[in-house]
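Engineer: Sequence:
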Amino acid sequence: MSDTWHPPLHRITHRISTDLTQLSDHDTVDLVVIGSGGAGFSAALNAAIDGARVLLVERMAHVGGTTAWSAATTWVPGTKRGLEVNPDDTPERVATFLNLAVGERSDAKLRQSFIDNGPEAIAKLEANSALQFQVRMLHPDYLSELEGSVLRGRAIEPQPFDGKLLGPNLTLVRPPIPEFTVLGGMMVDRDDIFHLLRLTETWKSFSYSVRIIARHFLDKLLHPRSTRLVMGNALIARMLHSYIERKGLLVTHTEVTQLLQNGPHIQGVALQQTLPDGSVVKRTVHSKGGVIMASGGFNRHATRRADMLPGANEAWCPAAPGHTGKAQELALQAGGQLGSGGLSHAFWAPVSTRQRADGSQAVFPHFVMDRGKPGMLTVDSQGQRYVNESTSYHLFGIAMQAHHATTPSVPSWLVCDAGALKRYGIGMVRPGGKGIAPFLADGYLKQGHTLADLAQQIKVPIDKLKATVERFNAFADNGVDEDFQRGTTDYQRANGDAAWHGPNPCLGALREGPFYAVALYPGDIGGATGLVTDGDARVLNAQGQPIEGLYACGNDMHSIMGGVYPAPGITIGPGVTFGYLAAKHAVARARQS
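Going by my numbering, the first residue of the sequence shown is number 434, and it counts up by one from there.
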């Protein structure tokens, strides 16, 4: 997979202004976009490509939102690159899959709009911007047991990006989560991890690893941060690069305090920015095309979070800090409505938490690197399994909460033996089995020389934990999980260990002491419930009519997946697509005004 896009991009030498003072009061633009995650940037960049004068408003210091922290997997079936690795996929097959996975939980017409327009949205960005994607030969839909699912081709991801091309704007991109980096800030994707773990085994992995490590340490000498960007950082940086080249306007540290209305129509925003010297700048900005909401959803909105996610502590949320729901609240005041009928109000993942040296809290999502691997299992407060550990992180998080209603399972315990810890790591503990002393010292990692010792450490009944492990080990030896059918779908087996010597790549016995455990909590990774829209991403009122000039995409928009998580990248893919559709409609509206 290529690290660069050809023809080469130019290095930007000037820093884009992010001060609100660059705008005069009552300035007029073609479009205002609220929020600079993947959906917001898609809307802003698509409009800029169409020649619109665009203002992108971000309330935080950095751009990128949770997208910048994510793997940036983007689920858009039918793209040119996707069909190159899976030419047999069809829109009808996608519709069949989503109808079975989501059903009546969302509007089928909106799902069809996504299917019809997603490939065009990606094609436009690839043809007119620095955003370039790549596709893996194995990246299954999560609900791979359903008719219409595929093993490859629908999930695309951004190519790595040379952050030096952003020049002084590199520091605008939200830095990655430290726990997802190595060597003091080096970002790694799954290709990098593959080679780093085999550094001493093959010449290819050795040379690959030396190259990226040498670059990282050179970056530390010459730049404020590592410049080899992958995953979410790469996606945001690529769009930021093109947005700057397209002369897009950007303000950070800026709050939207009011939507400007003329009768039922939205015609602009009132903005407020606090400058570094403490002074406050206020501007009223008129927008001929309207306002697109892409602020990240409700996850950190105090009252809505309490209502929709009862019992889920905000400290367990690994999403970016800007998702306060304040902008979404303005849309509701303007007549917008929240959707209903979803499986869940949020998307979930099991997470573990640890206090960093600076006092901040790290929240680590356990996506695929540990819990479904051989030598791992999860137990509740009674030392008993209750979930298929290889299921998708969303279903795992839902299962934790459902089980907790009858048997305390928050926290649950991810348990492994010494062999599994060495092979895969566990949570924030790296593979290799070294450097665990700090994790043991602060209690993040629990250790017992025997299962009885570990049971005492995590305060579960000794006899039940021993019985659970004994039963699980028999399943592992036979390759069949009789209790929860772990490792029975293509998705689950793809996330196991292909090199495992046992009969099931997801099942391995826990026999090699010492034994270890990490506490797991249900962490909300994004909002599923949002503003009801039509196929052009226009926000609808209580009567089902569009509020002219008001759009929503990303997690501000009610998910077309109805709170289901059927495949990787089902937040960013629709976010990019409906950002494109919102921009297309809004720019046309601006030109008619």
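A few of these clues could be false.
As the list claims (entries may be wrong) - Distance condition first, Cα-Cα at most 27 Å in a straight line; then the derived DSSO-like pairs of lysine-lysine:
no.	residue 1	residue 2
1	LYS1017	LYS680
2	LYS899	LYS855
3	LYS892	LYS855
4	LYS513	LYS899
5	LYS867	LYS653
6	LYS867	LYS855
7	LYS1017	LYS759
8	LYS680	LYS653
Note that these hints are calculated values from the structure, not bench results.
Engineer: Against this structure, judge whether each hint is valid.
Structural biologist: Each hint, compared with the structure:
| no. | hint | verdict |
| --- | --- | --- |
| 1 | LYS1017 to LYS680 | holds (18 Å) |
| 2 | LYS899 to LYS855 | holds (22 Å) |
| 3 | LYS892 to LYS855 | holds (24 Å) |
| 4 | LYS513 to LYS899 | violated (52 Å) |
| 5 | LYS867 to LYS653 | holds (25 Å) |
| 6 | LYS867 to LYS855 | holds (8 Å) |
| 7 | LYS1017 to LYS759 | holds (25 Å) |
| 8 | LYS680 to LYS653 | violated (30 Å) |
The structure is inconsistent with the numbered hints 4 and 8, although it conforms to all the rest.
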